[in-house]
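From first to last, the protein sequence lines stand for chains A and U.
Count along the first sequence from 1, add 78, and you get the number used in the numbering used here.
Count along the second sequence from 1, add 1, and you get the number used in the numbering used here.
Check each hint, because a few of them may be wrong.
Using 30 angstroms as the maximum straight-line C-alpha spacing, the simulated DSS-like pairs for lysine-lysine come out as follows [claimed, not checked]: (1) K168(U) x K185(U); (2) K168(U) x K41(U); (3) K216(A) x K51(U); (4) K721(A) x K737(A); (5) K168(U) x K276(A); (6) K276(A) x K111(A).
To be clear, the hints were calculated from the coordinates, so they are not data collected in a lab.
Note that this is a predicted model, so its numbers are computed, not measured.
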Amino acid sequence: MTPPSPLFASAFRALVVAAVVLLAPTAFAGSVKTEHVEAELVAARTALVPGEPLTVALRLSMEKGWHTYWRNPGDSGLPTTLAWNLPAGVEAGPIAWPAPHALPVGPLVNFGYDGEVLLLVDVTPARTLPVGNALVLKARADWLVCKELCIPEGADLTLTLPVENTSLADARWSAPIAAARSALPRPLAGWRATADGKGQTIEMKLVPPSGAADPGALHFFPFEESKIEPSRPQEVSRDGGAFVLRLPVSFNLTGDFGRVAGVLTAANGFSDGIRAATLDIALTGAIAAGPKPALEPAPALNLAPQAADDGLSLALAMVFAFVGGIVLNLMPCVFPVLSLKVLGFATHHDSRATLHKEAFAFAAGVVLTFVVLGLALAALRAAGEQLGWGFQLQSPAVVAVLAALFFVLALNLSGVFEFGQLTPSALAGFTARNRTVDAFASGVLAVVIASPCTAPFMGAALGYALAGSTAVMLVVFVALGIGMAVPYVTLALLPGWRRRLPRPGPWLLRLKELLAFPLYATVIWLAWVLGAQRDNDAVIHLLLALLCLGFALWTWRIVRTGGARPWGIAGIAALVAAVVLAWPLFRADADATAVAPPGYAPTAAGTQWQPYTPAVVAELTASGRAVFVDFTAAWCVTCQVNKRLVLNAADVRSAFARKNVALVRADWTRRDPDITRALTALGRTGVPVYVLYRPGREPLLLPEVLLRQTVQDALASL
Amino acid sequence: MRLLSIALSACIALVAAIPALAAAPGGPAPGFTITDTAGKPVSLADYRGKYVVLEWTNPECPFVQKHYVSRNMQGLQAEWGAKEVVWLSVNSTNANHSEFKSGDEMANWMRAQGGSPRATLIDGTSAAGRAYGAKTTPHMFVVDPAGKLIYNGAIDDRRSSNPADTKGANNYVRAALTEATAGKPVTVASTAPYGCSVKY
């Protein structure tokens, strides 16, 4: 009766895969967990083949917020070292370092890695090595791991590999090691690079091959310390077709500086898609020690604009909130629920007093829900959570519940079941008598589904509200709620126009069924949001759960209208199946705080949007480029509309390209404390937010309802 | 007229270059006035006419601990203090930072380590750190009696946090002071410092 649960199928599949992985002959190694890092030695293949080099990697998996260092650690720190203790006949080469990241530490800059890194080493067994035994490769890995505090850590690691005539690719590590190897910095093919010393800066000129695309933000990481100053900006400019990178000579210039050697990274990659290149070129001209780095307490770039919001008084914030609330009725998020309210008008031809009561009940529902949401948000932020407005839709569980709710409402409008049949008669009677309760509930629903959309004016008012005291916040939120309820209440209170509506008839039924479709569209949108937060499997789980739910409601109607018992059993079984299918979505909340949403890729091919990190904006503006940051989320319909209609428009994209504006996308679909912090710094708490950072000038905040002309005007100011 | 404008531009260029030369080895050591652990203001100018060693320190840093656990730093402080060199230990941790140490805390720590600098300075606004471009703890500077910076960089050439590495390491501070006090020019005037970052 119930559909076979996909849960079983995937569980069985997982078991089989696990068995295969565990039983297959693989390299044996153990991982060592220190306080902040998990370290292990892993190999790309399952065995050592005499005479064939094998790639082995030191895997360092760092706790979030902590980092380890590159061969040149930058302003401070110490590179990771690996000291091998190898059996006879086996030799290990030096570490092949992946391209580093510039990690700001206050005003200083370190070069290193966060998250997880694979430091590759080539291990070569001698051709004469006897086959058949297992060899134990030992190494002592020492590293410095820092966040605010620095802790030297180390581990004694072993890797046991059999010596055989052939080897297989390691099931777990072959692919990641191959990916790390292909991402290793390598010499630039087709590009010509020269370095000319001009006193305190070195001009590195890069001439691309013809047809090469814009490499994006460039950064040079020298192999040696005390040659190039890590924390000073490296300005990029164009010289005809060539790119000129101005490298600041180190303040503590030490030793001879005859060659410029290091790694050059490009945000958009070089010609053949590689993102990091090694350079080793002779230095011509003359250099001198550079100026002292500006070690100011705040980063050199003022990332928080001097917005007009600073001058927002309580009165003005209330006005903004009120107007924003009214405009919220027009936003794409609210429209489905609005259609339900319009239906309420058309069906209930009764006394003005009842209508007034319902209208005020709706308004009360709206205002109270805003206040409750605001209090919840304030309480969570006070408890330290990095959340912003719309936080409720960052959770897959909430999205799933809302999708189910809207599906049920749509089924009701489509006539699959009636609320009266569903509930016992006493409750139905209560609801019929207390349409005020119903109106209140629909007010609550309207806010829950509408809140992620930040209407114009609302953004500034919300920022002011959440930065103030609880009383201030309550007042602004109440103004917002009143603004949102005002259009409906006004329509309800206006005399006369309802008398001109025709009496209920077949037209009403048809209208009711028609209004189900916007609700189905909302369900589809929520399913897409869930897909962006998680993956395709989650969407299938949701859709199947909704299917079971629909079936259950349909069988319930049959039972209530006198159908046979087996239908009831089928209905209950379907309901249970729906809950079981949806269960993983609720438990997945822990995953909802991951940083990069996997299934949510930029739509048009060739878009050059870089993902947002705290360092990337500073890096890009330091190189002299303007940066346009799009703070967006999958569940924010306004954001999606703006993206498709404006940001992806051909003329806007060509304007961005002409002005060499770097494009950064801050995707807030899932909880991301870094993005939340950036929004707070801009005086905002929700999305969308559009900022144009202009080097040397104040950042420019664009309005939430984005027009092509607005973007063009902003770019013209560059 | 043209000569005047050229001369004027040259003067302006020279003046503009002076801040750039600040804290560069061979240049004048930047002045500062910061308070010691007892709250008394201490200036670099107070010690004009003597050799001054500036040791950037932070008790929380494993690299600083390396030199104190091995008693390397205390040995240097005692050895050169006896030769009338003024040793100043500076903690430029920002007053709002979690690792900030108050005057009492630094005094207690230095006493527990058996250190003997002339003064331990609390640079809560990080002004001195910024003036010198101090990047790491430890980061060492040596100033000669004329107020010129003659060494800027690491304490020694063993870049690790292992206390055992202080033995046998080439100590740049000792080398610079030995050469300068003997009237010879300092051979290694600038090295890359190593350690934890200064907590600005």
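Tell me if the straight-line CA distance from K168(U) to K41(U) falls inside 30 angstroms. Distance ~36 angstroms between K168(U) and K41(U) Cα, so the pair is violated.
Measure nothing beyond the straight line between the CA atoms of K216(A) and K51(U); if it is 30 angstroms or shorter, mark the hint as holding. 53 angstroms, violated
Has the given pair, K276(A) with K111(A), been kept, meaning a C-alpha gap of at most 30 angstroms? 48 angstroms, violated
Given the hinted pair K168(U) and K276(A), is their Cα-Cα distance within 30 angstroms? Not OK: K168(U) and K276(A) at ~41 angstroms, beyond 30 angstroms, violated.
Is K168(U) within 30 angstroms of K185(U), Cα to Cα? Holds, at roughly 25 angstroms.
Holds or violated: K721(A) with K737(A), Cα cutoff 30 angstroms? 19 angstroms, holds
In summary, the structure is inconsistent with hints 2, 3, 5 and 6 from the numbered list given earlier, while agreeing with the others.
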